[in-house]
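Novice: Starting from the known structure of chain A, fit chain B with the ligand onto it as the hints suggest.
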Amino acid sequence: MNSETKIQENASQNSKNTGSGPSSSASVKMIAPILWLLFTVNLAYLLYFFPNVPEWHLGNIVRVNGFTLLIWTTVTFFSALVSSYAGNYLHGFRFHARFMKLCLGFTLSVMTFVVSENIFLLLFSWMVMGFIMSRLIGIDSEWAEAREASKYTQRYFLSGTLFLSLGVLILAFTSGTYSVDVMITLIQDLPQTTVLIAALCIIVAAIIQSAIYPFHRWLLSAMTAPTPASALMHAGFVNGAGILLALFASIFFASNTLNFLLIIGGLTAIVAQFTKLLQVNVKQRLACSTIAQMGFMIMQCGLGFFNAAVVHLILHGFYKAYLFLASGEEIALSKPQEPLKIRIKPLQALVVFFFGVLGAIFFAFLTGKGTELDSGIFLTLIVAITVGQATYNIVKERSLSISQKIILPMALFIAGIGIYALLYNGVTVLMKDMPMIAVPLPLSTVQIVFGVVFLIGFFIMKLGGYKSLPWLYVRLLNLSQPNKKSILMYKSKSL
Amino acid sequence: MSHQHILNSIEEASRVIGKTWPLYSFVTSNPLSGYEKTSFSKAVNSAKELLNARIFPEASIYRQAWEDGEINEKELLTLLRENGLDQSPDFYLRKMESQKRTEEKNPNHELDRIMAKWLAAFMDEGLAEWEMPGKKEGFYKAWRKLAKYDSELSIAQGIDVPKSPSEALLQILSGYSENEYTKILTYHLAALPGWTGYINYRVESNSAWQQKYPISLEDYLAVRLWIASHLKAHILPQSKNSDIDPTITNLQYIWLKAWEKSWQNQLVKTLKGESITTEPTKGTDPDPEAQMVFCIDTRSELIRRHVESKGNYETYGYAGFFGIAMDYNNLNDGLSRKSCPPILDSSYQVSEIPQTNKEGQLAAYERKNDNFRFIEYFLRRMKNMLPSAFGYVEGSGFYYGLSLLGRTLLPGFFYRFKAKRSTPHETVCEPKIERKNVEHDMSLSIPLEDKVAIVKSAFDLMGWKHFAPVVLFVGHGSHSANNPFGSSLDCGACAASPGRHNARMLAKLANIPTVRKTLADKYQINIPEETIFIGAEHNTTTDEIVIFDSEVPNSTREKLVQIKSDLLRAQQTATQDRLGISKDSIAVAQQKANDWGETRPEWGLAKNAGFIIAPRTLTKNYNLESRCFLHSYDWELDRTGKALEGIMQGPMVVTQWINNHYYFSTVDNDTFGGGSKITHNITGKFGVVQGNGGDLKMGLPLQSLQQSDHEPYHQPLRLSVLIKAPETMVNDILSRNENLKTLLDNEWIYLMVMDPLQDNEIKRYQKDMVWTPAMETSKNNDLLEKLMQPVEVDELSEVSI
Ligand SMILES: [Zn+2]
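Protein sequence lines, in the order shown, are assigned to chains A and B. Heads up: the first sequence begins at 14 in our numbering, then just goes up one per residue. Heads up: the second sequence begins at 40 in our numbering, then just goes up one per residue.
The hints are simulated quantities; they were obtained by calculation from the structure and are not laboratory data. In this text, a Cβ means the ideal position worked out from N, Cα and C, and glycines have one as well. Errors might be hidden in some of the hints.
As the list claims (entries may be wrong) - Covered stretches of chain A, as calculated for chain B (at least 3 residues, CB under 8 Å):
#1 62 to 76
#2 317 to 328
#3 419 to 432
So that you can see chain A by itself, here it is in the shape it has in the complex (with noise of 0.2 Å):
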């Protein structure tokens, strides 16, 4: 029964090679500054080169864009401030040198990753990548629960690699080439079939990476790593899927697997967000949200709109990584409290339904999603929605006055979708070269229906009845378990 593990020992010779040593600690100085000025560098040639970025290759090997700015600006900044976050947070970690190194190198395969046109070093660039998460997520290798999260969710690593290789490679072969832009060219000349089973590959390899049901577990049990970590996992980690749905963009049109991506996206979406709602623990409840976030992301690929995707990529990863920055602010003494029951007036109505309205007709002018009966009109509507949903929250609301109960859901929306909107025009003009990125579907019986699916959601969720479903809560509650042997499977023999 006892069975000692000897691991302890090479923990505490880990903990010597990173000790506070000369050279570890100019790591903790220097990598923060460094990543700083990537950020810059990148910022400043995007902006001095927008709307033209200029295209620029070496060999077959790598190619620089819009979008690889786009993404290198995005994960220099996240890194950046992640590093700066942590020089105080871990201050005093006997791995604070591991960390800074492992975030600058998680950095780099990033950037190496979008940058890469060369299939082999794609493929090397996602296995480092999920190799150094994976390290992050068991960077305290004294501790036990740590080292069993690192191995779980490296195995989920490996296993998209293996995918993503399976896919890429297929394509290579078939159609002669190792570099990723001639080969998207090639695709509708490759046969049907190798393309399913290519684009199918790498689905797999892009949902286990946004931890997409079934593959979602892997990012529940991925809190032994330090909060900024965490921070950096789920605004440049988990997204990675899609930049790479981004890039094959081609594929899933040819093997007609959108709506795959729709029905899984959307379901995993539904079933997260609900999830979310039973949790206690705060790191938990993020994943949870991020797992649903990253649903709705897959879901815009399945409707054609990969640029949207990008963009909720870019803006989910400012919202994750300030709220688990912000994670130790939930503290609060409370009381147990009655959910109120206002019933809505039908002038109030009559106001939600118009700020509906108008956001989505001001949503659609700014970005041309929705004007035509095509897959734009569903992200139309999810605007439409929220902004009735917001309304609705301000105009019951009782401290407000008549006159603030009419501007701030007006100075709202504007303020929200407008940026929004120039956000996503200006990601759409970065990503112009790249084909098939934002082509609306014409509607299909499979969206409507899947429309609905997404209504009726809204529906159960808003009237509240899932809370008299035992059930369900259990259902759910174990759904979203950690691995166990990331969960007291050791203790700690005393002296």
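Specialist: Only chain B with the ligand this time, still in chain A's reference frame:
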């Protein structure tokens, strides 16, 4: 076998677990409080056995102390020789270092994990929007209804889970003999000490959550034992093969004692020198410009030193709840919190009312509050609902990006920006005191005698006769960002609330003319008419002292100008001293207060080791390095010993709690402390778990105790109390208070007296009212009691190093 018998066994077993306090009112209490009736060494040994805990400082801490000369060689050698240990200290140090902690698999892993899952779900205090169904019926019944759906238990059709906890316990325990009950129950309570400690807390405090969603240790044990038998987990504790060298524990205790003795010697030397040369000639200045009363908190020692050096100011130390046993009703969230020591029952309720002619301003303030509350609610709704969660992220993401930049790069700037613009409610409100728990035929207002008694007891306990024109009652509070342990840095005497409301309340009471008149007429306490009492707050993160002076007359306002500028200078030098930097120390402190990535905004009460109950003249000329609690006291004004008795019953016990908490959190941070902050995961709005989940953490985090993973900061020494009063007086008090004597006899704290009747000689309390001169090296052979086993020299030399 009866239900009552089981309940009795639970009662007995529950002594082994402490109380886990919620982090929103983090009371630093002794995790082994259930053992205070037994000796320290026995208590720690039981804890070690049950919880697998470390009970003495690690060898590395001893090494550091040894190398820094904190452990006196002579004291150490004496203790070692008395116990038949003849080798050199270095030899024993290396012997202690040769022991490493090892990991082993948790034999009840699955059981512990499933219990943690359900406990976290049930005890949530509003973090989840969708609460565990059936919670109102209590833990056992709610769990029972859900258990059949739990695939991790796979309860087959036809298996019936008992209807009530008592049935379940009877059913499981019927397979065991009655004398095994306590053993079984203890084992299962100790399996998740953090969670069971929180059940303890809920039951005892009977919080609003407990009233609505009851849980008891019986519920817990019933669920746990039923699952254990269902999963065929261990119900009886496994016999342990003790492969740990018992001599190590003995050595550790000897080193601890030597270290404590060395520290006491140092303190005695310091105070001895002082009391001979400076008393009474260098007493207080005859007419101080202002007097300030600070909490006994160790952090006050630093700020008092710096304030005193800036002008003719006299300072006092008093328990930070300022003698008012009250709950405080917070204006911002409308909730009432305890604001006096947890050992006291609150008799008063204090709330805020508008100052004269400021009703309008208060209404505006409350409107702003409502708006903030609405924004919070609004954001939560938007984030939780489908599909607004997605639209919300897209619309607001950019603004989160901007906040990320601002909070990470410019925390100090935003601190000053916010400080400038905010108008605290203290500028428009005044505190109002009422009776708590009144029968309906009684009035809420409190009688004059109560008010007089509160004010009088402050002056009595502090030994205070002459009053300056301005008297500040300075409570203290800590300000830090993104810190789940924020309340652990607030005032321990106010049950981990900031003390400023108590300070303002006392000031208001002391300013009432009828109170002053009664004090003068009845008790000959003459407060000059010009004297005005004002509440204030010492911000312990920035060392700023904010004076709540919105109601003072203009004549006083002029005097305050000078005082405020002196306090600003005191802030400057105090932060320089505390942070060890000479430039921009205030800005650095402000940055620490508002930096969301800062895990050590301040050190709280770390390094506490002593409690001095004496007039300030005794300590005034010394830098005690924020290691001592200081209570003002003058025995000559307290011939009956009544005041001293109050101090020993109240503040001394609270400081012992604090000190023991720091001790245990330091010696085993994973078991008794909070572990490292960097992987904390807040659960249920009241606590933290580590990483993916598991047991609730019960104590201070590593970052409050250590400078880094390797370098200690707090020195785990038991509290040494020093009282300046005649030995006979202290003996009288001890003989009247069995519980205090027990604490001392069981060595949870040390006591020394400086006897003014015997030429200020300092003596140490030994045991059973025996006192010995403090500077004598210990010769007491039963010091180490039965913990000590004879050490065989052969065995020692075999240890390979
Ligand atoms: Zn205090």
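Novice: The structure should be examined with respect to each hint, and the outcome stated for every one.
Specialist: Against the structure, the hints come out as follows:
{"no.": "1", "hint": "62 to 76", "in the structure": "violated (count 0)"}
{"no.": "2", "hint": "317 to 328", "in the structure": "holds (count 4)"}
{"no.": "3", "hint": "419 to 432", "in the structure": "holds (count 6)"}
Violated hint: 1 only; the structure is consistent with all others.
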